[in-house]
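Protein chains in written order, with our numbering: chain G, 1 to 128; chain A, 1 to 111; chain U, 1 to 77; chain L, 1 to 484.
Watch out, some of these pointers could steer you wrong.
Heads up, simulated PhoX-like pairs for lysine-lysine below, C-alpha to C-alpha not over 20 Å straight-line [what the hints assert, rightly or not]:
#, chain 1, residue 1, chain 2, residue 2
1, L, Lys104, L, Lys445
2, L, Lys436, A, Lys16
3, L, Lys102, L, Lys24
4, L, Lys105, L, Lys24
5, A, Lys15, L, Lys360
6, L, Lys426, L, Lys360
7, A, Lys15, L, Lys27
8, L, Lys445, L, Lys360
9, L, Lys30, L, Lys102
Residues on chain L that point at chain G, a partial pick, calculated with CB under 8 Å [what the hints assert, rightly or not]:
#, residue
10, Leu7
11, Tyr57
12, Ala58
13, Val60
14, Asp62
15, Leu142
16, Val145
17, Leu161
18, Lys162
19, Leu176
20, Gly186
21, Pro271
22, Glu274
23, Pro448
24, Ile452
25, Gly456
For the record, the hints were derived by calculation from the structure and aren't laboratory data.
All C-beta atoms, glycine included, are put in the ideal place defined by N, C-alpha and C.
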Amino acid sequence: MAQTQLAILFTSAALVVIGLYSAIFIDNIIKKIIGISFIEEGANLFIVAIGYKPGGVVPILMPGMDTSWFATNAAYPLPFGLVLTSIVIGASTLAVMLALVMVLYRRYGTLSTSVMLADTSKQEEYDE
Amino acid sequence: MKLYDQIFNVVKQFKKLFSPGPVTNADVSGSITAEIFIIVSLVLAALLLRHVSVLLAGLVTLILAVVLISNIPLIPKFKIEQEDSLEKMLFYAVITLAIIVTFIYWGGNLV
Amino acid sequence: MLEFVLMIIIILSAILALIQKDLLKAAILTGFSGGALAVLFQVLLAPDVALTQAIVGAAIVPVFIALAVKKTQREDS
Amino acid sequence: MNELIPLMVIVPLMAALLISAFSKFNKATKVFAFVVALCLPVIPIASHYGLHYFGGYAPVMDNVTNVMYHPAITYSFTFLQQIFIAMLGLLTFLVVFIYLTKYKKVSGPYLFLLFLGTAAVTAMLLTDDIFHMFVFFEILALAQVGIVAASSIDYSYEMALKYMVLGSIGSPMMLLGIGFLLALTGSVNVTDIAAAVHNGLVDATSPVFLLSLGLIFFGWLYASGLPPFHTIKSGIYSKAEPHGAALLQSFTVVSMISIVLIMFRIYSSLPIFEVLVVFFSILAMILGVSLALTQTDFRRMIGFLAVGELGFIGLGIGLGTQYAITAGLFQALNEIIITALLFIGFGAIVNATDEVDTRKLGGLLAYHPKVSIMLLIAGLAMAGVPPLSGFQSKLMLVQASLNCGFPEISILAIMVSIATFVVFVKTYYTMFLKPKPNELELEKKEVPRTMIFAMGVLLIIVILLGVFPDIVTAGISNFVGGIL
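If we strip away everything but chain G, and leave its shape as in the complex, we get (with noise of 0.2 Å):
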């Protein structure tokens, strides 16, 4: 089914996108977190995507299987142990940075990135 890995490329490029989207246009800093895990997401999708063979098996050899049969059944297991590390990483990273809002989110009582995140040069350029 060709279709099927196909519709995965569409969903996968649809959470990237809206992971851009989101780290453009979204103010609140929380749901741009929120956003910018999907693209991580996205990635993760597509690259379990390239391991799926249409019609194969897990590749976990049973005992009993005929190897050459599994062989050539067998879906492609590299890409799996990649995304295994991925999705650690990922929520790691996404840990650490809620981890900071927090602490930001006492200094500055709003989660609006606008006034969290904006230019810091000038104010402490020259404060007397």
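Add chains A, U and L to chain G, keeping to what the hints say.
Just chains A, U and L, lined up with the frame of chain G:
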């Protein structure tokens, strides 16, 4: 005399660049250096187009020189566009991504 | 057929999470998206990835976001 | 002794974990951190060149297609890796030494971050596996954010969060690019991918291959802080503690060259790759130096200068001949040393005066003569004054671009050097030579002796490399001949 007045106005406008706070002559001379440096280096970089087409290089260089010189002071404009706010940084990052991907996807084989 | 439904759920819940005024609802919808992604990974013959994604995407990430929302503010003003 | 190769990553990584676990024993932590930091430059010097296959899986020859496959994560260790890792280890040692003597009570998490960053960047330099590089690239980004957020400078949290948000756009793009390469070749080993591309197994003009170049290139721009990321990169330098910033810029330079060498090996057959690298390098040079000229915060000024100097490295690699790449890599090595020296030196000034605005400073030459003379030499080295090391690499770059038939680029490079000189002289004048303002109160604070020691060590290397550049360039040139 017109150009002289224009340059004099440029120096006056540098005052805003360093506000709040005093403007020392070292800062102003640095800004004027930056102004001249940016014009010359951009025009020089445009000359690199001659490896693609000589005519294009001449045209782009002339247009760039006229546009840049008639728009001085450039440095305050450059600095406003490259300040530390996240919105501007994200905007330029995404725009660059779009340009790179578009350029490579459709023009990658032409170069 | 299942995979198409899952993809629609993923994209819809992603968009819904971003247009939500209540940030807690946005966190829950993120969990929806992550959970659907986990099932989709299972359909795509990657059970190990699906397990990780189910834990991370459907449980840990929404809980982190919900914690952040609890420590800050709930309304998106 | 090839067993030492993985130890270059494992030692700082384990040290980082142990330090953060046992950080409540202050004295023992200090001694342990010092010993580990001392080991870091020694291990690469003692090790032999060679390859290391993790898990012992040697390359497999496919008899049907006659292609070699690398099933294991491979670390390759040559002269280039040796010199860069040794320099990075030396810098880490100096930074940790400064940190340990500056504070009575050391913070475990901060040392953890320093060692973690060193381990990550070492792994990026050693690895021959593009996904392995990506993982350590992400770890490096987290470590950098931590180092920035741990400093007690105003607005450091904001800058860390900005860096992180931009990073979470940059690195998934790189992951997508790696995914495209994986889809095309079915492998993440750079040697395998490069062999597939050069043997024609992959269509080098297909849109997917080009798209992977674009996405990985965008990730590289983020990693190295070329435009549009030059503002955030100079921002995080200025918001970190000075010794932390010295290490941060070395992380940037090393990750830049390790990614660009991998990209060069894969995409060197595409002319557009070199065009892109040269374009962004020139942009970085122009923007970095012209913005440095208008800064009044001197930490920010060195940050922009450091970004501008990165353009020279990119220029060398973008020109693509053996001589040019050698010059670019030599410039990278010089930049690590010189910028670290500048950051540590200006950090000593911040330490002594608690002031970062050049307009409020002046007359420091009488108070800190040693620091000011060392800073003067470092600034001259960065601007490319003979016989210091910056001169040698910039001369090589100018010659290389003339040999390639781009006289414009050599004029531009010389102009950027002159502008760098102007920036430095202007700042030096306002800080050290101009009469001391009345408001400036100088406490009778001594510059820490460790900082002077660190600057002295780095200065000796600068002069040594300036007088005898051959000890490095000959080896680098051999390495470049191997990958061309």
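Hints versus structure:
1. L/Lys104 x L/Lys445: holds, 17 Å
2. L/Lys436 x A/Lys16: At roughly 25 Å apart (the allowed maximum being 20 Å), A/Lys16 and L/Lys436 break the hint.
3. L/Lys102 x L/Lys24: At roughly 18 Å apart (the allowed maximum being 20 Å), L/Lys24 and L/Lys102 satisfy the hint.
4. L/Lys105 x L/Lys24: Roughly 10 Å separates the two Cα atoms, so the pair holds.
5. A/Lys15 x L/Lys360: holds, 17 Å
6. L/Lys426 x L/Lys360: holds, 14 Å
7. A/Lys15 x L/Lys27: violated, 52 Å
8. L/Lys445 x L/Lys360: At roughly 18 Å apart (the allowed maximum being 20 Å), L/Lys360 and L/Lys445 satisfy the hint.
9. L/Lys30 x L/Lys102: holds, 12 Å
10. Leu7: Constraint on L/Leu7 not satisfied, violated at 22 Å.
11. Tyr57: L/Tyr57 check fails; min Cβ-Cβ to chain G is 14 Å, beyond 8 Å.
12. Ala58: Since chain G brings no Cβ nearer than about 18 Å to L/Ala58, farther than 8 Å, the hint is violated.
13. Val60: violated, 15 Å
14. Asp62: violated, 14 Å
15. Leu142: With a minimum Cβ separation of about 6 Å from chain G (threshold 8 Å), the hint on L/Leu142 holds.
16. Val145: holds, 6 Å
17. Leu161: Hint holds; L/Leu161 Cβ to chain G Cβ min 4 Å, cut 8 Å.
18. Lys162: holds, 6 Å
19. Leu176: holds, 5 Å
20. Gly186: With a minimum Cβ separation of about 7 Å from chain G (threshold 8 Å), the hint on L/Gly186 holds.
21. Pro271: Result: violated, 28 Å to nearest chain G Cβ.
22. Glu274: violated, 27 Å
23. Pro448: Nearest chain G Cβ about 25 Å off; hint violated.
24. Ile452: Hint on L/Ile452: violated, closest Cβ of chain G at ~28 Å, above 8 Å.
25. Gly456: violated, 32 Å
In summary, the structure is inconsistent with hints 2, 7, 10, 11, 12, 13, 14, 21, 22, 23, 24, 25 from the numbered list given earlier, while agreeing with the others.
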